[in-house]
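A.B. asks: Okay, here's what each chain looks like letter by letter:
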Amino acid sequence: MTTESIVHSFIFSSDMIKLFLKISIYLILILLSLELLIRAFHLYPEDSPRFIDEMGVEKRIPNYRGYSVTGNRRQNFSEYHINNQGFNSYREFTPSYTKQELAIIGDSYIQGFHQNYYNSIGKKIENRTNGLEVYEYGYAGWDLADQLHLLHAYSDDFDKIDHIVIYLKYPMDLGRATYKPNTTRIKQLNSTLFKIRNKIKLLYYASQIGFLDPVKNLLLEKQDAKKISDNNQEALSDTLYIANFNQLIASYPINKSKTSLLLDKRKTSIEFLNHCEKNGIDVIDFGSKFEKSKKPVTLIYDMHWNNNGRNLVAKSIIEHLGL
Amino acid sequence: MLFNSVEYLIFLPLVFILYWIVAKFNNLKVQNGLILTASYIFYGLWDWRFLFLILASTIVDYFVGLAIHKKQSQGDKGKLFLWLSILFNVSLLGFFKYYNFFVDAFVDMVLLFGYPIKSTWTLSIILPVGISFYTFQTMSYSLDIYFKRIKPTHNFLDFATFVAFFPQLVAGPIERASNLLGQITNKRSFKYEQAVEGLKLILWGLFKKMVIADGIAPMVDDIFANYDTMPASSLVLGVSLFSFQVYGDFSGYSDIAIGTAKLFGIELMSNFKFPNFSRNVAEYWQRWHISLSTWFRHYLYIPLGGSRVSKIKSIRNICIIFLVSGFWHGANWTFIFWGGFHALAYIPVFLMGRNTLYKNNVVAENSLFPSLKEIGQLFATFTIVTFSRIFFRSESLTDSFVFIKRLFTEFNWEPYQHPMGYRMVDYFVLLAVFVLYEFRMRRDERNPFKFKSPIVRFIAYTLVIFSILLFYDDGVDRSFIYFQF
Chain F
2 MTTESIVHSF
12 IFSSDMIKLF
22 LKISIYLILI
32 LLSLELLIRA
42 FHLYPEDSPR
52 FIDEMGVEKR
62 IPNYRGYSVT
72 GNRRQNFSEY
82 HINNQGFNSY
92 REFTPSYTKQ
102 ELAIIGDSYI
112 QGFHQNYYNS
122 IGKKIENRTN
132 GLEVYEYGYA
142 GWDLADQLHL
152 LHAYSDDFDK
162 IDHIVIYLKY
172 PMDLGRATYK
182 PNTTRIKQLN
192 STLFKIRNKI
202 KLLYYASQIG
212 FLDPVKNLLL
222 EKQDAKKISD
232 NNQEALSDTL
242 YIANFNQLIA
252 SYPINKSKTS
262 LLLDKRKTSI
272 EFLNHCEKNG
282 IDVIDFGSKF
292 EKSKKPVTLI
302 YDMHWNNNGR
312 NLVAKSIIEH
322 LGL
Chain B
29 MLFNSVEYLI
39 FLPLVFILYW
49 IVAKFNNLKV
59 QNGLILTASY
69 IFYGLWDWRF
79 LFLILASTIV
89 DYFVGLAIHK
99 KQSQGDKGKL
109 FLWLSILFNV
119 SLLGFFKYYN
129 FFVDAFVDMV
139 LLFGYPIKST
149 WTLSIILPVG
159 ISFYTFQTMS
169 YSLDIYFKRI
179 KPTHNFLDFA
189 TFVAFFPQLV
199 AGPIERASNL
209 LGQITNKRSF
219 KYEQAVEGLK
229 LILWGLFKKM
239 VIADGIAPMV
249 DDIFANYDTM
259 PASSLVLGVS
269 LFSFQVYGDF
279 SGYSDIAIGT
289 AKLFGIELMS
299 NFKFPNFSRN
309 VAEYWQRWHI
319 SLSTWFRHYL
329 YIPLGGSRVS
339 KIKSIRNICI
349 IFLVSGFWHG
359 ANWTFIFWGG
369 FHALAYIPVF
379 LMGRNTLYKN
389 NVVAENSLFP
399 SLKEIGQLFA
409 TFTIVTFSRI
419 FFRSESLTDS
429 FVFIKRLFTE
439 FNWEPYQHPM
449 GYRMVDYFVL
459 LAVFVLYEFR
469 MRRDERNPFK
479 FKSPIVRFIA
489 YTLVIFSILL
499 FYDDGVDRSF
509 IYFQF
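In order, the protein sequences belong to chains F and B. First residue of the first sequence? That's 2 in our numbering, and the numbers climb one at a time after it. First residue of the second sequence? That's 29 in our numbering, and the numbers climb one at a time after it.
Take every hint as true, because none was put in to throw you off.
With the Cβ distance kept under 7 Å, some of the chain F side facing chain B (calculated, not the full set):
#1 Asp16
#2 Asn73
#3 Pro215
#4 Leu219
#5 Ile301
Since the hints were derived computationally from the structure, they do not count as laboratory data. We put the CB at the ideal spot given by N, CA and C, even for glycine.
Isolated chain F (complex conformation):
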């Protein structure tokens, strides 16, 4: 029985051909219809393109508008606006010595794609103060190294700003002691595969809700097993995190008189807090306000701050800095 004879006899079953043909046609038409439905109901997220600028800072490509969508059935839907400086904000950043300004630097919590850009923490602070301009330098995935590098790279701008608040998630943001731009991630995001994913909204949506995870898991099973064994090291200790912090501060000195760390004291180690106090680093705690709040402070399906959480963070900053 040769391969040719098998294929020949199989192919010449007209009913079988009919079945495969119909399945293929239906599949194509259904996929097209699903693509249309996903687009019509805007279930897909729109990730704004990223790049690394001439100063080595990873940011978004300026002047881009879009919608951030979380979860299946559009559980969270919000609009973002990338300004001229490459950050999600309702305003342009034009620091000067004549105005009163506050800069908030942080990761996705400050970037605020999970809220409408015109209802951000910065906007909430501006609404509660007089004449203050708030610049939100938020970028998903940033850690302290990224944040301090930004301060250093744009030192001319930050010199003009009156207050600088750095959002710090202890210990995740202290995992490294030196800054190195993540060119691999940018390359990956600009790869053809990712570009195709971004173009095909059905694929983007399915990938975002985890529908394609079983396929990924099946393909990456072996690699994951290796990763798990590699990561099977002891958790880093406070000493190491504090050492990383010290090295970063030494590499990128900060102006302690106008810089504060924004953090949740409940989730931060006492050793680190004592270390900050000893070194004269100001700390703004929003954890106590979160603890007292009777309403939830985070989105339930996504642990970013909800409107109530953002209000409380804004209040904490205003009260602490006496704005």
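Put chain B on the given structure of chain F with help from the hints.
C.D. replies: Just chain B, lined up with the frame of chain F:
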């Protein structure tokens, strides 16, 4: 391997293509050999060690079948061999499923008489998936030969394929040799219409499992895990949702099994016929897990005398089959209570002579909508059946009784919030559409997309797949509820 897994998405088309290539050469042995190998791979990917149990059950009943037939041709009934089959299969079940239960029950009983003993006899045993299903299937083979309903097969390969046929191996439908074995021993030819029906059933089954059952699962789990803090309104919601979950889960599995078998040119028996549209408890049992309820009817209820004995004995027989049926589901008193509750609900229907009243018709038989009386009947039956599920779903009897107590005492109204924060209204709309659609197809459970217009059919397929995408939640455990039985 789960029906709703990527592995199955690769496995099924591969086996399908190979199967029909082999069929081209008119070699039934190779075709059945392929199905048997595929079935063992399907099961072995979960745990290959338990394949030996299937093989043991297959070997025993194969030889028992031949021996009973031989004895019968010599004028003997072959009872001894029948008992051998029953003893072997029940022992398998008894050891893997009920051993620890009996040990614990014994310890509790001794304690009741004031003799506390520290049990060291319980064993850490994994329950082999599908054991309750395939042991019942092999036993039915020997019983059918004993009752002279069928003749034994001399072909071991055919018999092994009948026992291990992968679409129905782990959760049924529990097939009878008279239906399935006959198809396995005969040549199958590819029929386009049958394959299309199979694909439609698979799609509908996936919808019931991935959208209805898996969509509801987080709420049911949350309510039953925190029932001691929930108001009655949430408990009613939880147990009602569980009714839909278990139906979507199990009937979804059966649809995929029946649909898959159709792709291989084999017709399995129906397992569900819209039990939510039953007008009394007796009708419910004619529509729910049909392959199991008819098993008990044929091999236990009727041999005990069924309803052709005195009223008292008939009631005894009803109690026996419901209690045994409850116990079949699991080694826990909750299942026995669940069975007992159904016996109590069934007996009045039986005494009023209404147990076969709706056997051959459906609700709103000749009309578009049910009458007010029928709506009342549907609601009452759904309520009774749903109430019984408190026992079915609870971890222990204590949990069940506390749940029931709270149902009648905690009347403070509080809107229930989805544990993941999802909109509740989405699920209510989903269930309403599902119930209405099932009502529309209530006459034919094997034809879920019965639309004349190909455009409407296409829209229905698209919407079903779209809803799978809409309600997909990657945090949900995707295994089937009936795997634990």
